[in-house]
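> Protein chains in written order, with the numbering used here: chain R, 9 to 263; chain W, 2 to 295.
Certain hints may be false.
[Claimed, not checked] Okay, derived cross-link-like pairs now, EDC-like style, lysine to aspartate or glutamate, Cα gap no bigger than 16 Å in a straight line:
1. R:62 x W:273
2. R:56 x W:39
3. R:62 x R:104
[Stated by the list, open to error] Simulated restraints on C-beta separations:
4. W:9 x R:96: 37 to 45 Å
5. R:180 x W:215: 36 to 44 Å
6. R:112 x W:295: 53 to 61 Å
7. R:96 x W:276: 23 to 31 Å
8. W:53 x R:213: 50 to 58 Å
9. R:100 x W:257: 44 to 52 Å
10. W:211 x R:38: 25 to 33 Å
11. W:214 x R:38: 24 to 32 Å
12. W:172 x R:180: 41 to 49 Å
13. R:100 x W:8: 42 to 50 Å
14. R:179 x W:177: 37 to 45 Å
15. R:252 x W:27: 47 to 55 Å
16. W:181 x R:96: 34 to 42 Å
[What the hints assert, rightly or not] For the chain W half of the interface with chain R, some residues (derived, Cβ under 8 Å), not all of them:
17. 67
18. 124
19. 168
20. 230
21. 237
22. 249
23. 271
24. 273
25. 276
Note that these hints are calculated values from the structure, not bench results.
Note that beta-carbon positions come from the ideal geometry of N, C-alpha and C, so glycine has one too.
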Amino acid sequence: MHPDRIQALIAQCLTEPDDLSAVPEQEGLDATDLRRIALFRGFIVKVKHNQVRKILPLTLRLLPAVGLELTFFSEYAPAYLAMRASGSVQIDRQVEQLAAKLKVFLDQRSGLDVDALRDVLTHELTLWSPKSTVVEQGGSRQRGHLSWLGRLELERYRTNVLAACGALASRQFDAGRHLEALDCTLAYWRPRDRDVVEFFEVDELTALLISAAQRHHTIGGVGRALAAMGVTQISRHDLDDFFRQLAERGFLRCA
Amino acid sequence: MTGALGPDTAVGVSYSSFAERFVAQRPGCVDYVEIPFEQLVHTPLAAALGGEVPLLLHCASLSLAGNAPPSRRLVDQLTAFIDTTHTPWVGEHLAYVRADGVLRQYAEHTALVADDLDTSQPFNVGYTVSPQLSDPILDRVLERTLAWRQRFAMPVLLENGPIYFQVPGSTMSQFEFIGKLCARSDDVLLLLDLAHLAITCANLEVDPQTALDRLPLDRVVEVHLSGVSRQSDVTWDDHGGAAPPLVFSLLDQLLGRVKPRAITLEYNWDHDFPADVLERDCARVREMIHAHAH
Numbered sequence: 009m010h011p012d013r014i015q016a017l018i019a020q021c022l023t024e025p026d027d028l029s030a031v032p033e034q035e036g037l038d039a040t041d042l043r044r045i046a047l048f049r050g051f052i053v054k055v056k057h058n059q060v061r062k063i064l065p066l067t068l069r070l071l072p073a074v075g076l077e078l079t080f081f082s083e084y085a086p087a088y089l090a091m092r093a094s095g096s097v098q099i100d101r102q103v104e105q106l107a108a109k110l111k112v113f114l115d116q117r118s119g120l121d122v123d124a125l126r127d128v129l130t131h132e133l134t135l136w137s138p139k140s141t142v143v144e145q146g147g148s149r150q151r152g153h154l155s156w157l158g159r160l161e162l163e164r165y166r167t168n169v170l171a172a173c174g175a176l177a178s179r180q181f182d183a184g185r186h187l188e189a190l191d192c193t194l195a196y197w198r199p200r201d202r203d204v205v206e207f208f209e210v211d212e213l214t215a216l217l218i219s220a221a222q223r224h225h226t227i228g229g230v231g232r233a234l235a236a237m238g239v240t241q242i243s244r245h246d247l248d249d250f251f252r253q254l255a256e257r258g259f260l261r262c263a
Numbered sequence: 002m003t004g005a006l007g008p009d010t011a012v013g014v015s016y017s018s019f020a021e022r023f024v025a026q027r028p029g030c031v032d033y034v035e036i037p038f039e040q041l042v043h044t045p046l047a048a049a050l051g052g053e054v055p056l057l058l059h060c061a062s063l064s065l066a067g068n069a070p071p072s073r074r075l076v077d078q079l080t081a082f083i084d085t086t087h088t089p090w091v092g093e094h095l096a097y098v099r100a101d102g103v104l105r106q107y108a109e110h111t112a113l114v115a116d117d118l119d120t121s122q123p124f125n126v127g128y129t130v131s132p133q134l135s136d137p138i139l140d141r142v143l144e145r146t147l148a149w150r151q152r153f154a155m156p157v158l159l160e161n162g163p164i165y166f167q168v169p170g171s172t173m174s175q176f177e178f179i180g181k182l183c184a185r186s187d188d189v190l191l192l193l194d195l196a197h198l199a200i201t202c203a204n205l206e207v208d209p210q211t212a213l214d215r216l217p218l219d220r221v222v223e224v225h226l227s228g229v230s231r232q233s234d235v236t237w238d239d240h241g242g243a244a245p246p247l248v249f250s251l252l253d254q255l256l257g258r259v260k261p262r263a264i265t266l267e268y269n270w271d272h273d274f275p276a277d278v279l280e281r282d283c284a285r286v287r288e289m290i291h292a293h294a295h
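Using the sequences provided together with the hints, build the complete structure.
What follows is the structure in structure tokens.
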């Protein structure tokens, strides 16, 4: 086997998004070699994403912990190499493409580990993405009008995302202990005058009220929306009290 | 070759934004920072760290085992950074990065650089790949290594790469290959990456202690330590984790035989690497150096 021929063939397998199965057997590479070359291609792409660890550190720690890292990066390699072909890539674009491809990859699979990966990815993307999209609604003097003082987002999860993230952050993650099916909702708050994102768990009713307030903008509108949904056990007094508490915590102004 | 590192075995860390913070926050913990040439090309200001701590230059672009030489521009940049950093040597991989598919084995170019080489052309892997371990590649690596040594007027250390699969046409192990290189010239010096050694041995089912003993350890100038990981039935390089017990065991075995000039902890893939772990492992390496010095 001429060294330049085989080295070029391997380099081609690593750099071109062609199917490795197209490599003829007479080149001396058997199925095991080709599988390892495909994984190596994924490994190289993974290393090229080290800077993304600044934005998605926990997602990129969870991927190897559940054994999906090189499989994903190997599948992602063609799209990444195509993106790189046009020159160096800004980190924001790198994160966006990686996240989009990882979501597709996860949607093709099932299991608690897959759900946890999707949740941790969503959590980190939500922490990262609001930085450029603070929404500030115009004020109004209409009685009961709700003016948000920043951006509040809700994300629903199927696993105990906070437990997984805590263990990953402290590098103590153990899939057996920290992967847990759990329906929960987190609220992400980015105040308009500070470059921080706070997040906290909310119950279903709180999530419902916040969602309604984001759509209807007045306490009266929220009350009517709840009634239309058949939620009648919450009085106007309860709503006033709820939104007064949000106002006291600095989330909104209530006219 | 001693330079700014002093006569004793120095302990350093690979460059990363984390390493920059570490050097600033924990002065004296490391004796030097090893910085990749490719990092300096991307962010030349990183060389300013040389004002705080000595720098060693590491390179992954010469493609010693490949048939596509580096561009003149790349070599000019490397030469400039050799001057800027005052590095006592350049570490380079026993690997190829580029391959153009043209069969030039027996029409070896005599020039070390290509004037108009477009490195964006296929097949530039952008990462070091362990080569075919054969006599023709051995001849090429030896010729290139000695030529670069002469051009840079300093040692070019050869680093053993991790082997994940066997390249068809290989006629010897990596350990035999390195042994033959050293036997052919006294000017071949080594950067022994003990994590790579452990990875190669795991993937090829070879005993790492025996493999280490087969290497010409008297040529080892610098040592690399880093983490390893296991995925999909293959053992992989992992600079995001700390060196495992096996790698420290190999270091202990090595230090029982020779005294390298420098030992670098390559903990540089995770910008949030725990500083306490790096500090702990630096102290551990220093204790091992001290224990073998007495």
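> Now tell me if each hint is right for this structure.
A quick look at each hint next to the structure:
no. : hint                      : in the structure
1   : R:62 x W:273              : 8 Å, holds
2   : R:56 x W:39               : 13 Å, holds
3   : R:62 x R:104              : 14 Å, holds
4   : W:9 x R:96: 37 to 45 Å    : 41 Å, holds
5   : R:180 x W:215: 36 to 44 Å : 39 Å, holds
6   : R:112 x W:295: 53 to 61 Å : 59 Å, holds
7   : R:96 x W:276: 23 to 31 Å  : 30 Å, holds
8   : W:53 x R:213: 50 to 58 Å  : 56 Å, holds
9   : R:100 x W:257: 44 to 52 Å : 50 Å, holds
10  : W:211 x R:38: 25 to 33 Å  : 27 Å, holds
11  : W:214 x R:38: 24 to 32 Å  : 31 Å, holds
12  : W:172 x R:180: 41 to 49 Å : 47 Å, holds
13  : R:100 x W:8: 42 to 50 Å   : 48 Å, holds
14  : R:179 x W:177: 37 to 45 Å : 39 Å, holds
15  : R:252 x W:27: 47 to 55 Å  : 50 Å, holds
16  : W:181 x R:96: 34 to 42 Å  : 39 Å, holds
17  : 67                        : 6 Å, holds
18  : 124                       : 3 Å, holds
19  : 168                       : 6 Å, holds
20  : 230                       : 6 Å, holds
21  : 237                       : 6 Å, holds
22  : 249                       : 19 Å, violated
23  : 271                       : 6 Å, holds
24  : 273                       : 6 Å, holds
25  : 276                       : 13 Å, violated
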